[in-house]
Amino acid sequence: MRALQEAAAARWQGTVGLLVLPAVVFLLVFYAFPLVRLLLVSVEAPRWSLTHYADFFTEPAYLRILTRTFRVSLTVTFCCLLLGYPTAYVLLRVSGRRRRFLLLLVIVPYLTSFLVRTYAWMVLLGPKGIINSLLLKAGLIDTPLKLLYSAVGVHVGMVHVLLPLMILPLYSVMVGIDRTLPRAAQTLGAGPLRTFLRVFLPLSLPGVRSGCVLVFLVALGFYITPAMLGGLRDSMIAMLIESQITQLVNWGFAATAAVVLLAVTLGGFSLAGRVSGMTLLVASEVAGQTVPAVTWDGIAGSRQREGRPWMPRLLHLAPVAALGRRLDAVMSAWRRRRWARLQGREMRGAGRGRAALDLYAGAVFFFLILPTFVVVPISLSAGDFLAFPPPGWSLKWYASYFSQPPWLHATLLSFQVAVVTMLASTVLGTLAAYGVLRGRLRRRTLVVSLMISPIIVPPIVIGVAIYGLLAQWNLIGRFLGLVIGHAIGSIAYVMVIVSATLAGFDRSLERAAMSLGAGPLLTFRRVTFPLIRAGVLSGAVFAFIHSFDEVIITMFISGVHVQTLPLKMWEDIRNQIDPTIAAVSSMLILLPVAWLVVLEVVQGLQRATTRAAPADSA
Amino acid sequence: MRRQAGTLTSLLGVALLGLAVGTLLVAPPGAVGQDKGKVVVQIGGGDWADANFEAYVAPFEKETGIKVVAVRDWMSIAKLKLMVESKKVELDVADIPRLHYLSAVKANYLEKIDYGVYSKAELSKIDDLSKQAYGVGAAYFSYVMAFDKRPTTWAEFWDAKKFPGPRTLRAGVYGTGAYEEALLADGVPMDKLYPMDVDRAFKSLDKIRPHVTTWWKEGAEGQQLFADKVVTLGDVFNGRIGNLQKKGMPLDIEWNQGKLQLDYWVIPKGAPNPQNAQKFIEFATRAKRQGAFSELIPYGPTNVAAFEYVKPETAKQLPTYPANLKKQFHRNEDWYAETGPGGKSNLELIIERWNRWTVQ
Numbered sequence: 001m002r003a004l005q006e007a008a009a010a011r012w013q014g015t016v017g018l019l020v021l022p023a024v025v026f027l028l029v030f031y032a033f034p035l036v037r038l039l040l041v042s043v044e045a046p047r048w049s050l051t052h053y054a055d056f057f058t059e060p061a062y063l064r065i066l067t068r069t070f071r072v073s074l075t076v077t078f079c080c081l082l083l084g085y086p087t088a089y090v091l092l093r094v095s096g097r098r099r100r101f102l103l104l105l106v107i108v109p110y111l112t113s114f115l116v117r118t119y120a121w122m123v124l125l126g127p128k129g130i131i132n133s134l135l136l137k138a139g140l141i142d143t144p145l146k147l148l149y150s151a152v153g154v155h156v157g158m159v160h161v162l163l164p165l166m167i168l169p170l171y172s173v174m175v176g177i178d179r180t181l182p183r184a185a186q187t188l189g190a191g192p193l194r195t196f197l198r199v200f201l202p203l204s205l206p207g208v209r210s211g212c213v214l215v216f217l218v219a220l221g222f223y224i225t226p227a228m229l230g231g232l233r234d235s236m237i238a239m240l241i242e243s244q245i246t247q248l249v250n251w252g253f254a255a256t257a258a259v260v261l262l263a264v265t266l267g268g269f270s271l272a273g274r275v276s277g278m279t280l281l282v283a284s285e286v287a288g289q290t291v292p293a294v295t296w297d298g299i300a301g302s303r304q305r306e307g308r309p310w311m312p313r314l315l316h317l318a319p320v321a322a323l324g325r326r327l328d329a330v331m332s333a334w335r336r337r338r339w340a341r342l343q344g345r346e347m348r349g350a351g352r353g354r355a356a357l358d359l360y361a362g363a364v365f366f367f368l369i370l371p372t373f374v375v376v377p378i379s380l381s382a383g384d385f386l387a388f389p390p391p392g393w394s395l396k397w398y399a400s401y402f403s404q405p406p407w408l409h410a411t412l413l414s415f416q417v418a419v420v421t422m423l424a425s426t427v428l429g430t431l432a433a434y435g436v437l438r439g440r441l442r443r444r445t446l447v448v449s450l451m452i453s454p455i456i457v458p459p460i461v462i463g464v465a466i467y468g469l470l471a472q473w474n475l476i477g478r479f480l481g482l483v484i485g486h487a488i489g490s491i492a493y494v495m496v497i498v499s500a501t502l503a504g505f506d507r508s509l510e511r512a513a514m515s516l517g518a519g520p521l522l523t524f525r526r527v528t529f530p531l532i533r534a535g536v537l538s539g540a541v542f543a544f545i546h547s548f549d550e551v552i553i554t555m556f557i558s559g560v561h562v563q564t565l566p567l568k569m570w571e572d573i574r575n576q577i578d579p580t581i582a583a584v585s586s587m588l589i590l591l592p593v594a595w596l597v598v599l600e601v602v603q604g605l606q607r608a609t610t611r612a613a614p615a616d617s618a
Numbered sequence: 001m002r003r004q005a006g007t008l009t010s011l012l013g014v015a016l017l018g019l020a021v022g023t024l025l026v027a028p029p030g031a032v033g034q035d036k037g038k039v040v041v042q043i044g045g046g047d048w049a050d051a052n053f054e055a056y057v058a059p060f061e062k063e064t065g066i067k068v069v070a071v072r073d074w075m076s077i078a079k080l081k082l083m084v085e086s087k088k089v090e091l092d093v094a095d096i097p098r099l100h101y102l103s104a105v106k107a108n109y110l111e112k113i114d115y116g117v118y119s120k121a122e123l124s125k126i127d128d129l130s131k132q133a134y135g136v137g138a139a140y141f142s143y144v145m146a147f148d149k150r151p152t153t154w155a156e157f158w159d160a161k162k163f164p165g166p167r168t169l170r171a172g173v174y175g176t177g178a179y180e181e182a183l184l185a186d187g188v189p190m191d192k193l194y195p196m197d198v199d200r201a202f203k204s205l206d207k208i209r210p211h212v213t214t215w216w217k218e219g220a221e222g223q224q225l226f227a228d229k230v231v232t233l234g235d236v237f238n239g240r241i242g243n244l245q246k247k248g249m250p251l252d253i254e255w256n257q258g259k260l261q262l263d264y265w266v267i268p269k270g271a272p273n274p275q276n277a278q279k280f281i282e283f284a285t286r287a288k289r290q291g292a293f294s295e296l297i298p299y300g301p302t303n304v305a306a307f308e309y310v311k312p313e314t315a316k317q318l319p320t321y322p323a324n325l326k327k328q329f330h331r332n333e334d335w336y337a338e339t340g341p342g343g344k345s346n347l348e349l350i351i352e353r354w355n356r357w358t359v360q
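First to last, the sequence lines map onto chains H and X. Residue numbering for the first sequence follows the working numbering, beginning at 1 and increasing consecutively. Residue numbering for the second sequence follows the working numbering, beginning at 1 and increasing consecutively.
Same shape as in the complex, but just chain H:
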């Protein structure tokens, strides 16, 4: 009898595993297959030639672009860490409403269109921009600093766009650190600095690694920000790919550069290990649900959790560290005695450090949130050109938006594409997440990688890759083509967020329902789904935003007539920087705020439901 039950359970799990099929088939056809084809184009199959690769690696100009791409990505990653780590630490220490508010300050820019954010930096950094105007007025400089169209602009813009991707995983890991450990260290005589260095920092290293890997990999594929804020020299590899196609129609070479970029990215992805788990953390955090890293690693299939973080191991190799340890031993005996004495007084000194830290984090929050909002006063300008402060106030740029059919068509189209993409990818992604976590699945890691990798594969690579396929199927410039292009990434986000939610809830509830005679479907409908509803909705929001903001893939597959809102913005920014863009941007800032309100309401209901549940059953 028992064996029979187990066999049935196994069969059931096998069936549930099949739920990943729709998403997997979709991604194999529209994502994996085009990437393979890209590889074939780059080696000129079936003639098989490596000339494009030879061209790439022997031309100093291209190598320079490649090294520049690396250097910029590394610097940006380092800056993000420098700004992000203390900020995440401060986030950890505040609690309740304040923490929620500060988290919002990280999440809102994350959800704001990056075109808007980059545009805001153009307004801020220009020779006649806000920063230079203020500095000139204050008499600190005589001539405007070269901030825009320079490496400075590229770095500032990229750090701003990527900083949330650093803070969120850091914070997720820090939240999971057992708070009694640092306290224990202190009672054993470690000073605050030592406690931090020897206890907290090592425990937070998985977050550091996650954040750094994510920021670095995403930075490698950047296109819009360096193109808008950089000078001639600030070309990155994505721009090289684009120019090879739009200027020279050199598909072979563009494919080669794309393959190089893809190889570097995927190489980093696998070297860094469980990126999947980490991305999950990011997303789940945004969804307002903390899932300890261990949970996901346990289920994602890769169980080889390292005993110790790698960085301290490296540090231990250093002789300096060894010397330091010996000194430490002497000092700590003395400190142990001192600790007891200082208990009462400790607060004041720490208070000063704390204030400095708070100030630092405050500056970072300011940097995160404020630049985006400068577009609001610009949008209300009465002048014909960008000027700060505006010569007068008016609503004419809003009127300009609402009176121009191209803007309105583009907005409508973007909403339509985003809604359809959202529905399709929410269904596919949720099914896949359920299949991965509840079903029995062979090659689970491979399936998960396939589904989650679009988050880090540079969009320019996806765009170049799917162009050929969609052109063959006559889907360029078609509604369906756009949905397909957008769904690749959207499914990944849904999958990640729903998995996090599924992994986070108590499975015994499902088992209980089943043991009480509920069938699998009934269990899903009455137990599982209500519990993951918030996750599904968050996933849907992400899917929507991904589609609504997408510009690079869209650039390749939109054809001549079809113009989505970001595409229209991108073309206008290059063609005519009139304040209509500022008006559009100001309105777009409201979008993530609106979404967060929706999520908040739904989650509030969810909480109410779960609280009410025990009473119900009683």
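Worth double-checking, as some hints may not be accurate.
[Unchecked claim] Some chain H residues judged to face chain X by a derived CB distance under 7 Å, without partners named: (1) L39; (2) A61; (3) R64; (4) P127; (5) K128; (6) Y149; (7) S235; (8) T246; (9) A471; (10) V560; (11) R574.
FYI, nobody ran anything at the bench for these hints, they're computed from the structure. Remember, predicted model here, so these are calculated numbers, not experimental data. Note that beta-carbon positions come from the ideal geometry of N, C-alpha and C, so glycine has one too.
Given the structure of chain H, go ahead and fit chain X onto it with the hints provided.
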């Protein structure tokens, strides 16, 4: 409580479903049918597009009843190639510079122009360079020096000590760069520019590079840089600056050593509405229409009779006005189209050279 939340979810679900169904019912914008009553025209960007719309698109619709789908974007040789070779031509009319026209003709990307639809009177007034087998001249325009303080030669423009200030020059991404200007600045006389000494041009660009704030790609961008006072000196299309002057910006241009060039109206091979395209081009090269166009943006008509419809003060602002014409040179697009021993045209070679130069 639970039921309430459930109701909410289903309500939300129904709302989303409704939205989606509604979405699917609305025809995706821009799906092109085989409708004979339509012509898809690419009209460029910025003020150029506005002028095209007002002078040609709107009156054409009114006169013929043919619906014009105006696409505000630029055509490049690459886009043309992509479109024609993949047989996904969604455009009927575009305007391209002579620089790209010659390559497009060589590559067989264009439909022949049907001069049979022209009236004799109009046709006789269109200048010869503009009457090509695969394109009809749309307008003359010129790269000129623009500034708030006057240099009169490119050599002076290159002199950052005598004429300090942030500059902008055309980026070489589409093959058009400030190469002729660089040679002029280096002392090459106007009639000895071609065949172009590309090495010398880039060496000269090296000298000005530190003083160039940014290199503009599209015409409106160059205009915007002046409007925002980001730069005080530059090589920009005369018409763009003309329109800034109309808005009261204290800017001036210098015709001396201006680089004159010509755009053609063309029909991509395989265009869905070729007959309407022919009609549109004929309409857009009529003297009266071109006169209206020049009033909107000071570019030179290819139909010389258009001067009759232009105010005298506007005429003086046009690059083809005799006094201005005399000071400028024609860019030699034939040189750009020449193919060297490697099988690549000078145009392609100079784009590659530009790409290498930028990352130096």
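Verification of the supplied hints:
{"no.": "1", "hint": "L39", "in the structure": "violated, 21 Å"}
{"no.": "2", "hint": "A61", "in the structure": "holds, 4 Å"}
{"no.": "3", "hint": "R64", "in the structure": "holds, 5 Å"}
{"no.": "4", "hint": "P127", "in the structure": "holds, 5 Å"}
{"no.": "5", "hint": "K128", "in the structure": "holds, 5 Å"}
{"no.": "6", "hint": "Y149", "in the structure": "holds, 4 Å"}
{"no.": "7", "hint": "S235", "in the structure": "holds, 6 Å"}
{"no.": "8", "hint": "T246", "in the structure": "holds, 5 Å"}
{"no.": "9", "hint": "A471", "in the structure": "holds, 5 Å"}
{"no.": "10", "hint": "V560", "in the structure": "holds, 5 Å"}
{"no.": "11", "hint": "R574", "in the structure": "holds, 6 Å"}
Of the numbered hints given earlier, the model fails hint 1 alone.
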